[in-house]
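S.K.: Same order as they appear, the protein sequences are chains R and F.
Residue numbers for the first sequence follow our numbering, so the first one is 1 and each next one is one higher.
Residue numbers for the second sequence follow our numbering, so the first one is 1001 and each next one is one higher.
None of the hints are false.
Each computed PhoX-like pair below joins lysine-lysine, with the alpha-carbon atoms no more than 25 angstroms apart: (1) Lys-1109/F - Lys-194/R; (2) Lys-1209/F - Lys-327/R; (3) Lys-28/R - Lys-241/R; (4) Lys-193/R - Lys-28/R; (5) Lys-1349/F - Lys-193/R.
Derived by calculation from the structure, the hints in this document are not laboratory data.
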Amino acid sequence: MFTEVLVALALGGLLLFIFQRNRKQVLKTEDGWWGPGAPPDAQEDVSIHPFQIKTSAEELQDLYRRIDQTRPVLSLEDSQFNYGFNSQYLQEVVSYWRNDFDWKRQVEKLNQYQHFKTNIEGIDIHFLHVKPKRVPKETEVVPIIMVHGWPGSFYEFYGLIPLLCDPSERDNLVFEVICPSIPGYGFSEAPHKKGFDSVCAARIFHKLMKRLGFQQFYAHGGDWGWLVTTNMAQLEPKIVKGLHVNFAPPSKPGLSMVLSLLLGNRFPKLFGFNGVDIQRLYPCMEKQVVEPIKETGYMHIQATKPDTVGRALNDSPVGLAAYILEKFSTWTCNDFRNLEDGGLTRKFSLDDLLTNVMIYWTSGCITSSMRFYKENFAKGLYQPHSKMPVYVPTGFACFPKELMHTPKLWVKQKYHQLKSYTTMARGGHFAAMEEPQLMAEDIRTFTKMIEEK
Amino acid sequence: MSLDKLLRLSTANFSASLALLSLTSAVAIGGILAYWVFRSKEAKTIPIGHGWWGKGKKPLSEDDQIHTFTITTSDEEIKDLHARLDLTRYTDPLEDSHFNFGFNSTYLKRVVSHWRNVYDWKKQVAALNQYPHFKTKIEGLDVHFIRVCPPSRENQKVVPLMLVHGWPGSFYEFYKIIPLLTQNHDGVAFEVICPSIPGYGYSEAPQKKGFDSVAAARIFLTLMERLGFSQFYLHGGDWGSAITTNMAQMKPDCVKGLHLTMFFPRRNFKMSLSLVIGRYLPFLVGFTREDVRRIYPYFQKNVWQMLEETGYMHIQATKPDTAGCAVNNSPVGLAAYILEKFSSWTDMKYRDLSDGGLERMFTLDDLLTNVMIYWTTSSMTSSMRFYKENFGNLINRLDFKTGVFVPTGLAAFPNELMHNPKVWAQTKYRNIYSYTFMPRGGHFPAFEEPQLLADDIVQFVKKVGKI
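All chains should be built: construct the whole structure from the sequences, respecting the hints.
M.R.: Here's what the structure looks like:
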């Protein structure tokens, strides 16, 4: 009798264990309040207000005065962009900014789409809502939320939006695009309390989509946007129909990842590595250790002392431009470090680059944007969401010059329903801004694949 | 067994054991010999090398005169500063964040208000000029230094001593200790030379890549030679420690004694082992009780804390030109960046205070004078580049693998960034004359506890010179 009970218990325990492992984990979260002071007793204001980006003569005058006050320090002879943003080239950029860049015209360009603000969990959330102008017959309108990263903004998607919202000849899909600004970035209010991490942003964006009336939607993101949209998929897997990302650094190195790194270049077929994977992952020391150390100084200081580093950047527009545009150079192609002009204008126009900088400048958000690093890394790397897989159909666009290469094997460790893995022909970290055509094609192909199921 | 068979067997065994014995002895003797030879072959100095850091091409001849120098200011300089202070766009700190996210903006407003309305730069410049300043061209760069001679007294032995500062400090850090060093300590008084590292303050910044601590050391050795000193003492902390250590490695015959407040051992297996054992059996590995108190919990103090505090080092060692741009144009940003260190590096617990404990050990005037030196000379960017030049080439640094054999005095302050027990320091500093556990003080001891530091320097010099 006793043995039977024991065996039953053991069997039951084993079954429970297996069952538990197979049960899809859902990320849990709690409501938050990010406004100043204590949450009011009154009912939350759920109204959505239209919003227009504005500028003024004072704003420009102040900018020009600060630009004119800049005290340049010559870069070392022959150092190009290896010590950071080259001072001599910076003066050229600043001269363009001071004399040729037309902020008023750029503001009009920004306002070509409808902007809104709505208050969620105590802070004003800014977003774009772009509805397709023309919906041909038998064409589906697919809602998609696109989340930017650092040091980007909603503006990164301006080249991509028309390619998604206008009907295409290749498929009968047309998108309705929502582009929010992460709280603390651009025109979204910054949280006043500590603890605002990517899961909080994900929860707020879910509330936003619900408020806009969407029951199901797709999500796209890169940089922080990758993490926020991934969290959205983990929070509500039934609501996020498909997740498309162009950046997916592994959140925790599992055994298979380590093994594949050690043996991958000898036995590529074993791990499903192709030529591109080998070329981008090896030599290990240089590509997985030295390169990241060279490029993550900003991450280290922002994840520890954001208020200190942001302080000067909010007073010196030239300093802010150097800080932000250095990334647009190096993260587009790290060979650009050896160019006198950092290759900045090879893939981007100065107008576009400076418009993004102006969003940080005019909103004064650089410090709050940096705090996001500290809030996300502060609790350590092994948070619940980083240990949890993603069960939503996922599409991954692998751009050749992205900061970190993630081979298919590694992506699948986290994204259990990887439906498409596309090796792109060109493009770096700011792929949406750099190669909108390629990105739009991949998003469309992925969405069509999911819709057809 | 027959007798002769037995005899043959025993002699064979005897030969075998003799052979074995001879073999082991040979190996042992050979080993000892090899070790001895190898040890004496170990480098005791580093090559002096050469360099030229000015703009463009090196000219055929260089002016090696020493010129007097006076720090000056103007109404325009002050007006420009005030205008920029007024233009500051503050960002509210997160509720309850104190100094954990960096320099607290609310407290910063107080500092800036003092700077704008109370702080008198003209008066501070007069105070800076109380000691004689000089400049001289070495390797293409104008090197700034102050030279303070003790008043002439009877029966006084004047001992030359160079003090080298670090980042984000300056020669000004030593202004409190100089009067203590030029006093008569039982017949000994110091003649103090305080240079500015090239790229810092009034010393010209290098225009060429590669200016590391070895280059700075060579320049300072040339300076002492030019001033007519054939033998002298050295003191340094932070970068000053690295530079003075290099000086002792380059010309040990000139360096009578080396006194340091921050020092690093040569990492080896023994050190890691002692770390593990030392917590439970400290006396076995040569740790004193005080060592144990300061090192453990190791992970918390030395790994996590270091990660939290070295973001600036990481960005400066990789992208100094980017990091320096904004702080060179925003005096408030510069002040926040520099003064954050004067808070945390004096005591890590200050991060939990809303005012960062800044005014507990320092006056705002003193702190801002140091900031003004960086501000008025636009030298923050070049000062940051020193990190990249030093960390960029870690694998090939000969000086890291070479020991230091001049008499060394180490002052271990309790709130220094990292504690290194004497046994660890001995891996690099082979001739330690004194190792003092200081009762109080952090990373800027000359500024914070000048009396304690001066006393330790005096006791060290007396020990070395047998005075």
